[in-house]
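Asks: Spelled out, the chains give:
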Amino acid sequence: MSGAGTGTRSVEQTIALRREAGSGALIGYLPVGFPTLTESIDAAVAIVRNGVDILELGLPYSDPVMDGPVIQAATQEALAGGFRLRHGFEAVRAITAQVDAPVLVMTYWNPVVQYGVDRFADDLLAAGGAGLITPDLIPDEASEWLAASERTGLDRVFLAAPSSSDARLAQTVAASRGFVYAVSTMGITGARADVDAAARILVDRLRAAGSTSTCVGVGISTPEQVREILGYADGAIVGSALVKALADGGVDAVAALAKRLSTGTRDLRPAN
Amino acid sequence: MSLRTESGPYFGEFGGRWVPESLMAALDELSAEYALAREDPAFAAELAELHRSYTGRPSIITEVPRFAAHAGGARIILKREDLNHTGSHKINNVLGQALLTKRIGKTRVIAETGAGQHGVATATAAALFGLDCVVYMGEVDTERQALNVARMRLLGAEVVAVKSGSRTLKDAINDAMRDWVTNVGNTNYIFGTVAGPHPFPAMVRDFQKIIGEEARQQVLDLTGGLPDAVTACVGGGSNAMGIFHAFLDDAEVALYGYEAAGDGVDTPRHAATITKGSPGVLHGARSLLLQDEDGQTVESHSISAGLDYPGVGPEHAWLASIGRATYLPVTDAQAMDALRLLSRTEGIIPAIESAHALAGTLELGRELGPGATILVNLSGRGDKDMETAGRYFDLLDAGAAQS
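Protein chains in written order, with the UniProt record's numbering: chain R, 1 to 272; chain D, 1 to 403.
It is possible that part of the hints are untrue.
What the hints assert, rightly or not - What the simulated footprint calls covered on chain R by chain D, stretch by stretch (three residues with Cβ under 8 Å from a Cβ of chain D suffice, anywhere in the stretch; the number is not a length):
(1) 56-63
(2) 76-84
(3) 107-116
(4) 131-139
(5) 153-165
What the hints assert, rightly or not - Quick list of simulated restraints, FRET-style, between CB atoms:
(6) E143(D) x A208(R): 45 to 55 Å
(7) A197(R) x D40(D): 32 to 42 Å
(8) G250(R) x R153(D): 36 to 46 Å
(9) I322(D) x G250(R): 47 to 57 Å
(10) E63(D) x D166(R): 52 to 62 Å
(11) A97(R) x R391(D): 51 to 61 Å
(12) R9(R) x D40(D): 53 to 63 Å
(13) A208(R) x A45(D): 38 to 48 Å
(14) G156(D) x A247(R): 30 to 40 Å
(15) A247(R) x R269(D): 24 to 34 Å
(16) D40(D) x G250(R): 56 to 66 Å
(17) T107(D) x Y232(R): 25 to 35 Å
(18) F129(D) x E150(R): 44 to 54 Å
Please keep in mind that the hints were generated in silico from the structure rather than gathered at the bench.
C-beta: ideal position from N, C-alpha, C; glycine also.
Given only the sequences and the hints, what does the whole structure look like? Please build it.
Replies: Take a look at the structure:
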């Protein structure tokens with residue numbers, strides 16, 4: 001890797017820095033290939049330049065069971081537009097060449113299986129990616145990925161749900177690196193008016209289980225929600241709202257939304 | 001070593017739980033409750049009574065000599081799951097899972113459906129037990145199986161036409177899983193086939209294996225011996241696992257599953273998952289599936305909505321991998337010919353799904369020759385398919401000729 005990529009911080013460092021600044025990290029999700037490969041790269045770069053600390057780059061998949069209607073529509077359009085897995089690596093490379101934010105790839109598991117888990121890890125590392133977020137892979141089934149991420153040093157972000165037992169939370173915390181993705185509510189992705197109180201309880205439980213880095217996602221769409229979540233968590237993940245802004249108003253609109261959302265990460269402790 | 005004792009999560013290298021963490025509590029709960037229920041004589045007694053006085057079990061077997069005359073003279077015996085209440089084998093599984101839902105204390109059930117048979121069975125059980133019921137069905141399937149949509153609504157279920165992806169069974173499963181992730185607190189997912197995450201493949205098979213247990217004894221009583229072969233159609237594979245299971249350890253009994261080949265397995269329009277698929281993860285299980293090199297699921301095609309699925313249950317993938325069962329493709333045209341043949345020779349109109357098993361059996365009979373006995377799972381009746389058959393054979397217009 002060369003250029004801006006060498007300056008890329010790790011996910012954990014990024015979150016720690018934001019925490020030390022008295023706040024937490026803003027994590028922004030966008031799918032590769034929507035509305036086109038080029039625009040998806042431009043949009044990802046733009047949201048980083050407008051306050052997003054960590055990128056969650058989604059790989060479109062034919063059967064995305066954790067995704068709500070907005071992301072489903074976008075990824076379906078990307079697939080119809082000819083998205084191929086190799087575009088994911090191209091996008092990571094192009095983005096990390098332009099900005100320093102760490103890039104995690106969010107992918108359902110079967111594409112990784114078909115690509116080959118080791119080959120996927122090697123190519124992601126070579127492209128400058130920081131690791132994987134795996135919405136339909138539980139640590140119980142992840143032995144191949146645990147080995148590949150151990151070998152490459154890539155982060156592995158597993159999900160935790162409000163319904164998860166204490167034993168499962170402990171297992172998830174132990175298996176995760178980078179952060180633990182706390183699903184704020186029982187449900188799929190999509191903006192919601194209220195982010196559940198369940199999120200706060202889940203973050204507390206994860207911390208009790210040993211998590212040092214917990215980010216909350218699903219249902220977050222406003223600066224106020226970002227601020228509220230960063231009051232108790234290490235990061236806030238926004239997806240559908242950004243995708244909708246990109247769909248409705250292009251790169252400028254998604255950049256503007258990122259800027260607004262990032263105000264939720266500031267002024268948390270005004271005394272600072 | 002017995003092949004009948006496999007209870008998951010894995011069947012060889014296939015199976016598992018490839019699901020969002022949000023579903024794990026529900027799957028663990030279901031596994032635990034099912035483990036208790038299967039050891040509970042009261043549960044078994046209640047289910048047996050429902051089979052007897054509600055479904056009409058045991059279902060009969062029917063020997064079909066006039067049909068068999070077209071199959072090289074082999075003896076052909078049908079297991080008549082088409083005569084069950086609601087018209088197919090699906091009710092066997094649904095009653096078991098509905099009882100389990102009651103046991104767990106949940107008040108709402110959801111289901112996916114392709115042909116509508118599992119949806120109708122679930123809506124039926126929901127009515128019987130006073131449960132709220134939502135059935136997810138691909139928009140394409142709501143059109144080709146409109147009669148079953150009306151049946152579900154009449155039974156009080158809400159039918160959601162799924163408009164994402166290929167708008168067929170696989171997308172209905174995606175939406176049902178999204179519903180379950182969201183409403184898992186009060187909702188049980190009554191899964192219709194031997195696919196999906198553990199415990200569904202083993203549990204659904206257990207609720208369906210009554211088909212083979214009855215049929216094995218019925219054939220012994222009729223012929224004095226075991227059949228040479230047992231055949232069934234395979235989509236997800238629940239009726240096939242149901243009839244195969246009792247015979248798994250009878251090494252002398254060959255097992256044949258017939259997959260939907262649509263326009264042909266060498267065209268892009270088929271649903272022959274075992275014949276043409278490769279290992280991967282779909283809908284919560286590692287199994288065989290139709291996919292491209294990027295791991296994107298490829299859309300399947302079959303004239304039969306119930307077989308129009310790009311995946312298959314992990315136990316079938318395992319039985320194929322160890323060579324215990326053989327899976328062969330049957331085209332739309334072969335199935336429709338067999339549907340008409342059984343109708344005309346025996347006065348039994350099969351579901352298009354089951355007609356795939358009949359078509360495969362016609363060829364198998366010619367191979368095995370006279371003296372062979374073949375047991376076929378007639379998994380469902382054809383009432384729901386009259387519009388498709390009517391169009392296919394041009395029977396609907398006022399002036400249509402009888403061909």
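Asks: All hints are to be evaluated individually against the structure, with a verdict given for each.
Replies: Right, here's what the structure says about each hint:
no. : hint                          : in the structure
1   : 56-63                         : holds (count 3)
2   : 76-84                         : holds (count 3)
3   : 107-116                       : holds (count 7)
4   : 131-139                       : holds (count 4)
5   : 153-165                       : holds (count 7)
6   : E143(D) x A208(R): 45 to 55 Å : holds, 52 Å
7   : A197(R) x D40(D): 32 to 42 Å  : holds, 37 Å
8   : G250(R) x R153(D): 36 to 46 Å : holds, 42 Å
9   : I322(D) x G250(R): 47 to 57 Å : holds, 54 Å
10  : E63(D) x D166(R): 52 to 62 Å  : holds, 58 Å
11  : A97(R) x R391(D): 51 to 61 Å  : holds, 57 Å
12  : R9(R) x D40(D): 53 to 63 Å    : holds, 56 Å
13  : A208(R) x A45(D): 38 to 48 Å  : holds, 44 Å
14  : G156(D) x A247(R): 30 to 40 Å : holds, 38 Å
15  : A247(R) x R269(D): 24 to 34 Å : holds, 32 Å
16  : D40(D) x G250(R): 56 to 66 Å  : holds, 60 Å
17  : T107(D) x Y232(R): 25 to 35 Å : holds, 33 Å
18  : F129(D) x E150(R): 44 to 54 Å : holds, 49 Å
Hint compliance for this structure: no hint is broken.
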